[in-house]
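Novice: Hints are included, so try docking the two chains, each in its own frame, into the full complex.
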Amino acid sequence: MGGKKIRSFLQALGRPIVSFVINTGYFTRFVAVSVYNCFMPPFYLKLFGKQFLNMGFYSLPVVGLTTLFAGMVIAIQTYSGISKYGAESVVATVVLISVTRELAPVLSALMVAGRIGAAMAAEIGTMRVTEQIDALVTLSANPYRYLIAPRVWAGLIVMPLLVLFGDIIGIFGGYVVSIYKLDFNPANYINNTMNNLQLIDVTTGVVKACVFGFIIAIMGCYHGYRSKGGAQGVGEATTNAVVSSSILILIFNYLITEIIFSR
Amino acid sequence: MSENKIEIRNLYKTFGKKKVLDGVDLDVKKGESLVVIGGSGTGKSVLIKCIQGLLIPDSGSIKIDDEEVVGSHKDIHHKMGMLFQGAALFDSLSVWENVAFRLVENSSVSRSEARMEAIRVLRQVGLAPDVADLSPAELSGGMQKRVGLARAIISKPEIIFFDEPTTGLDPIMADVINDLIIESARGLGATTLTITHDMASARKIADRIAMLYQGKIIWTGTVKEMDKSDNPYLKQFINGRSHGPIAVEV
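As you go down the protein sequences, you meet chains U and H in turn.
Per our numbering, the first sequence starts with residue 472, numbered consecutively.
Per our numbering, the second sequence starts with residue 4, numbered consecutively.
Calculated directly from the structure, the hints in this document are not laboratory data.
Check each hint, because a few of them may be wrong.
Claimed, not checked - Derived BS3-like pairs (lysine-lysine); straight-line CA-CA distance at most 25 Å: (1) H:Lys20 x U:Lys475; (2) H:Lys227 x H:Lys32; (3) H:Lys32 x U:Lys476.
Unchecked claim - Restraint ranges, calculated between C-beta atoms of paired labels, are given here: (4) H:Asp210 x U:Asn613: 32 to 38 Å; (5) H:Asn13 x U:Ile731: 54 to 60 Å; (6) H:Glu116 x U:Thr728: 53 to 59 Å; (7) U:Gly520 x H:Ser110: 52 to 58 Å.
Each residue gets a CB set at the ideal place from its N, CA and C atoms; glycine is no exception.
Chain H with its partners taken away, still in its complex shape (with noise of 0.2 Å):
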């Protein structure tokens, strides 16, 4: 068994003529928290839609578990948890409908049960059982980013993917973010594989990083090797200059 929990090799993913991934190499170790970070069309969404099977990559390899996902029908699903970007909510299901919307469509958990189940989980992410009963529609970004979160954290998944958790937030509610992502990563032991923009999220929620660049793999290491190395991408990347080697398209 090796001791990766996800495995990405020689991973190609055009649309139309452009090349969105362009050959990443990428190992997330188990129970490791990976950040992959990047500008704004670096491909960084693209890469964690086709490690869960929403877009086909044209080439390369995946694996979870040592088991190649790309090409396989399995269901891959329950060991994954994502909370989206937009948090994703259904529209037509209450908060708590959404939360336990695994346990109630995909076991013989009963419906009492999995809202007790919901709850228990909004409370563990800081929202009052009051909330279950809403829309999502009447919740505040900040909540529905919780509820998303506690949507991907009730099934105790192995792997959690969070697509830009702190986008949208408050400096102080994207802090609280973090603090959830870590305490609900090392509650349930998972791996987990972010990717951000946000530097002060990737710092604190990081055990290592990776910077993706031109839909490659450029640089990867810890949050001190980051701020040491002497990769100018890397450094204009996490100082936020518009002057260096990556050229800003207007």
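Chain U with its partners taken away, still in its complex shape (with noise of 0.2 Å):
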């Protein structure tokens, strides 16, 4: 009876970790795959030029309005935490700061996660349950090379610019907020800006958009890929490739920096 316990009970406990672990080996052989691909002819330009527009183009506004009401209320929060100290002159350098380093980058790959990674889940699983993928493969097209590649580059290519832009309009946000709300001196708020803008600052922000373009992309990608089952699969991709890139993003933010400021 004892013996039979334990028995099930190992087994309730092996389960997870077999699947724990063939998941993971499946994730790391796709990843490989993809990256391999990514760097192997032929190069479909135009479907690049699409998911760029799409990734790119189309998320201006959501990430836009998301860093300028970052910025917004950082330099409210800064100046009603600090002013009692008579610090007033340091909001543009903590708006500048976290804009670049935290909020941009981390909001805008958040947002583009949302936007983007699910509509390449749903699109690649419907792929995937409608036989479409089965039909690239019988007509010579290497679906890594067709679907994914040009989806990867496009992350890589994309995140950066889009954060770099997120970088402008959060600076901006809080430049209107001291200027038109706190009373601050314009000439003051820019040269404070200015004098305290650092390369690192901004690079750091572009690396980490590199990292959470390429998890975004192949998140989005891995999950529609494996779907199965219908309707219902296509929409737990959907589910998985957000929950699991937003999460990623969060631990690589933090991993990222702790490599480049923990010194």
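Specialist: Shown next as structure tokens:
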């Protein structure tokens, strides 16, 4: 009796571990094959252009709005937290650093993960369950090169551009609040911002953006590619793509920050 | 050179604990139209996917033109065309781009030439040139099947696979598709392998029929031999009876 209980306990313990190991194996292989195929011809430039436009141009409003309000909020919070000590001049610097290092890359990536990661998973997932991916193979087209490589390249190139755009809008948001709400001197604010602007702040954001862009594209593609079971499977793939890429974005944000700034 | 276009020996494929193919042996002769019949879930689609390299069998051998394809990295798809059950048209492309996909992606044909060729093949399968610029979603099921057929035959393949070609179509449209399958295969002199459970379709297009049951080919023969056969499994299947040796999983 006792032996049976121990056995079923061990089985219950082992099943998720085995499934985790299997999924990790599948994922690692998927990433390796995808990266390899990103560098192998043929390169589908038209498909890359389509993804670039979708992920980049059409994400401008959502990234702009997010970073604008983030910059505005940071300006007010910094002022209300620090004004007691008479350090209003710090506001420009805090807005600059927090927007370029953290807020623009992380918030933009989370928004793009929701917008584009989900769309990638849904599109590729639908192609999987309707046998369109099998059809690609039978027509001698490599699905990794045709579907995944253009999305990964778009993620790697578009996210840094979006973050640079977000940097400008976020700092502008802080400026607007500081000038029109907190009655700062515009020339002083701009001077403070320019004097404190350092290359490392912007490059950190851009490095993060590259990593986040890769994460969004690869997670969207992976969950879509492995989806099965019709509409429900595609729905699950979409959710998993957004949740997993969001979590990975937050984890990698910490790791990159730790590597660059903990000296 | 063997007279077989496709030779399958001892093919095994399992998914988890489920044995889907349990030692399949099957030959398809050059220029022949072989139809594999069998109930839903008997592994017909898995068989066709193994031949095309979409699934990797656990063990066994598949030879096409005497060349082993299991474990081979050689591109064999240029010899093949496939009509999928749901047509599997790319919904991001127009009808003509679907049909001409292989020409545009894999050869030096210009887009305008590829479009002309796509329209010619669309006409061959009974579709007017004005559907060429539509999106696949705007077409009916029967029209989608025709476009799928056009896409399968445009590169003049030596082997064409048909996965449940008449499923989901009304009987008249199903017969139209059967006729198109016969015409296009004859026109190209292609070897065809069809999987279906539609017996009217099987009788019409088959030179030879093979029955798959519990992962094995349990019977092969011509349509005439099928009608005379005493095989109880085959008889139950072709007569569509719920009682007999084939137990229906409910």
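Novice: All the hints need checking, so say for each whether the structure fits it.
Specialist: Hint check results:
no. : hint                            : result
1   : H:Lys20 x U:Lys475              : holds (22 Å)
2   : H:Lys227 x H:Lys32              : holds (18 Å)
3   : H:Lys32 x U:Lys476              : violated (57 Å)
4   : H:Asp210 x U:Asn613: 32 to 38 Å : holds (34 Å)
5   : H:Asn13 x U:Ile731: 54 to 60 Å  : holds (58 Å)
6   : H:Glu116 x U:Thr728: 53 to 59 Å : holds (55 Å)
7   : U:Gly520 x H:Ser110: 52 to 58 Å : violated (22 Å)
Going through the hint list in order, the structure does not satisfy hints 3, 7.
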